[in-house]
Each structure stands twice: as structure tokens, then as C-alpha cells.
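Student: Make the full structure from the sequences, and use the hints.
Residues per chain, in single letters:
There are 2 protein chains.
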Amino acid sequence: MARRSDHTREELTRMALDAAHAITADEGLRGLRARQIARDIGYTIGTLYNLFEDFDDLILHMNGETLDALYRTCSEVELKGDPTEDLEALADRYLEFTRGHQQQWSAVFEHTLPRGRAVPDWYSEKVAKLMELEARALAPLFPGGNPDRIAHHARVLWTSLFGMALVESAERLPEGETARSLVRSLIGTYVAGLKDNRKGEL
Amino acid sequence: MARRSDHTREELTRMALDAAHAITADEGLRGLRARQIARDIGYTIGTLYNLFEDFDDLILHMNGETLDALYRTCSEVELKGDPTEDLEALADRYLEFTRGHQQQWSAVFEHTLPRGRAVPDWYSEKVAKLMELEARALAPLFPGGNPDRIAHHARVLWTSLFGMALVESAERLPEGETARSLVRSLIGTYVAGLKDNRKGEL
DNA sequence: AAATATATTGAACATTGTTCAATTAAATGT
DNA sequence: ACATTTAATTGAACAATGTTCAATATATTT
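These protein sequence lines map, in sequence, to chains A and B.
This note's numbering numbers the first residue of the first sequence as 41 and each following residue consecutively.
This note's numbering numbers the first residue of the second sequence as 41 and each following residue consecutively.
Read the hints as simulated data drawn from the structure, not as lab findings.
It cannot be assumed that every hint is accurate.
As the list makes no split between identical chains, a pair holds if one copy fits it or if it spans any two.
Listed next, the in silico DSBU-like pairs over lysine-lysine satisfying Cα-Cα at most 30 Å (straight line) [claimed, not checked]:
id : residue 1 : residue 2
1  : Lys166    : Lys239
2  : Lys169    : Lys120
3  : Lys235    : Lys169
Tutor: Written out as C-alpha cells, the structure is:
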């Protein structure tokens, strides 16, 4: 059989990625199988390979959507102009998302491409965009400061936040400690340090 | 054929893990195959399964050794008593190791166990031991301070360092930025922040 | 209505981790 | 010295994986 107008190519891709997210959400990336996705959307495996280059390509698209979703929810945070407050609000959103989508979040860094195959540009851009969010919240600390320095400190905080979320999701934090408690100390102390540095400059 | 006294069980395990490290080092965890390990040590796949419960067990042991090696090289760092200097020395060692063993380091967090299978205790302990190293360097900042607070701040720095190493190894840092430059800012600023907080307490 | 184009299928393939009865060599007993 | 027991080693066999592609069935176009 061949059904032509059941679903457009775009609809099929959407269905496949939805199925992939669902499977990943409750079985983890390890439990994701091409045949299972096909079965879930009512098509065969051949059709799946008509939509994606290969399994890695499918996973990249799925993980790309996870990054998009994280970006979307973080960019909704309204910045008040107070760096500490704004950074905390951003971090809280970030952690809220990674907790609510643990398996999908884990999939983002569990997946690797085979040797010699580069991460596509459209994917790298999604990662880069996430880091820019942090810079906006930090900016007030550097009135008239050069953007490179702001970006640098934004990367410090962002990569740290990333590490905390990761360690928490791997359940490697002792009782009573959470990514949130770590982030609170990080932001509070780091912002204090930045202000202190600035005093030294004057 | 069955050779009994060619190698002891311990020797075989050692050979198998060495082979696994070597393959992982130049092909990544993705390229690690049970049959390849067996071939490399001159035995068949059946023997490999006599040494390890299954492939996950083999990977856990390999990654455990990577954690051990990281711990060993970091614990060699001589602490001078100056927190900033000591933390930087520790971080440098850490990053030196993760750069020199990128693939093996990546393998540590790329690997996950199937759903429902818990990380063994002996493995979790290796992770926990690593975090204690940081606490020793931080201690001078909290004369007579309670150990829990020191441990907390050690975790902040350690998880941050972890995130930076990870982002660097995933090659997601822009030109000119390195994990080392990020760590320098983190430690310098964070320690300044801690001193500032202390002033507020007096 | 015939011809063309293409979405869809599913059998087939190489490779994977895993199992286990058969085999062979060492250790032990007589 | 030989027979018996023990266990390390083998490799064929299995189910499941990602991947391919000629055959097929349905739209679309002529």
C-alpha cells in the first residue's frame, strides 16, 4: 500500500518526533527504537527513513526541539533589571524545565555522533542562543561595559548552571542539596564578587 | 581449546579493560564493541562474558577506572593554603586530565544504565570522593566554619567545573574561550564573593 | 483511460549484545 | 601413571538493531 494524502511529509515528521519524545520521556534515549516510532505513528520503518537521513538525524531533530522548548520557556522570563533577581529567575526556569523533562534533557548530552561526523550548524546555533539569554540579565552589572566581557561572565554562569543541572539529573547530589540551592549560592556569591571587582577598578 | 594458566582471571580483566580504554580513546564509547575487545586480547567473546556480567558492567568498570585516574592526578596537587591558588591548581589538573582523555571522559556521562538498573555503590563512591578534594582547598576560607557549609561551596565549584569541562569537550565554546578561562573567572570571582559575604557577617 | 510520478512497504542484510552446550586443558584422586 | 573431576574457553545460534531498496500501490498529470 501507499497512502499519499493521509498525511503530508510535514505532518509525518511532526508525528514521528512527537512519538520519539514520548518514548524518550518514559524509557530514556536508550529505549528509543526506530521500529517503535514507526509502529506508534502507524507507518513502517521504511517511511521513517524517508523522513530522516538516519537514526542520528532523527535524534538530532528531537534534541533540537528540546533545546527550542528550553529556550522558549527561559525567554519568557521577564527581566526586572536587578541582576541577582533576574539570574535567579532564569535559573529557576531552567531547572524547572530540566526536572520536568529529565529524560529528554539527558538525551541531549547522552547522544553523540559517530566519529568524523560534525554537529550540524542549525543545531549548534540552538545551543549558542541559550547562552545569550544569560547575558541580557547580566548586562546591568556592566554599564557601558564591553559586550565581550558580559558574554564571558554569562558563559561562566551558564556552563556552571549546566553542570549543576546535570549532576542533579544524574542523582549525584547528597541529601538536602539541590541544583537550586547550588545555583542560589553561585549567583549570590558570583554577583557579589563582580561588584567587589568593580570597586577595585575605581 | 581451553587454556587455564595462560592468564589469571585478574590478568584477563586487566587486559580487557586496557583494550576497552584504548578503543574508547580513539573511537569513542560509540565505537566500543564486545567482539573487538575480545579480539584485541586474543580471546573470544565467550571469555569476555565470563569476566563481566554484561556490556554495561564492563563499561561501568572502565568508567570507574577513569574516575580513579582523575582522582589520583587531582589528589597529587599540593595545597599551599591559599584558596584561590589551590583551587586554580586543582582545576587546572582536572581540565588537563579531561582534555588528555577526552573520549574516556565523555564516556563517563554518555553511558547510562537501562531503566530500573541502579548505579552500583562502588561507582557512586568514586564520584563522591572527587568532590571532597575541592572542600580541602576551600577550608581556609572558613576558619572554624562548619564542614557542611564548606562542603556546600565545594559542590558549587565542583559542579561548575564539571559543566565547563563538559561544554568544552562538546566543543561548544566560542573561539578564544576555554574551560580554563571560565574557571579562572569563576574561582577569582567566587572567592572574592565569599570574602565579601564574610565581611558582612562581622 | 493511460502514463507518469512518488509515497509506502516489508523482506533482506550486516552487526550488535547475549547465551550455553560442547570441548579441552588443568587439577585432583587413586 | 592413569582415570576422574573441575572449570576455563569456545563458537555456533538467537533475537533485536539500524539500514537498504526493489516491488507495490496510490495520486497526479497527460
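Student: Indicate which option fits the pair Lys169, Lys120 if close means a Cα-Cα distance not exceeding 30 Å: within, between, both or neither.
Tutor: within (21 Å within a copy, 40 Å between copies)
Student: If the cut is 30 Å between Cα atoms, do Lys166 and Lys239 qualify within a copy, between copies, both or neither?
Tutor: Neither. Shortest intra-copy (36 Å) and inter-copy (41 Å) distances fail the 30 Å Cα cut-off.
Student: Should Lys235 paired with Lys169 be assigned to within, between, both, or neither, using CA atoms and 30 Å as the limit?
Tutor: within (26 Å within a copy, 34 Å between copies)
Hint 1 from the list above is the single one not met by this structure.
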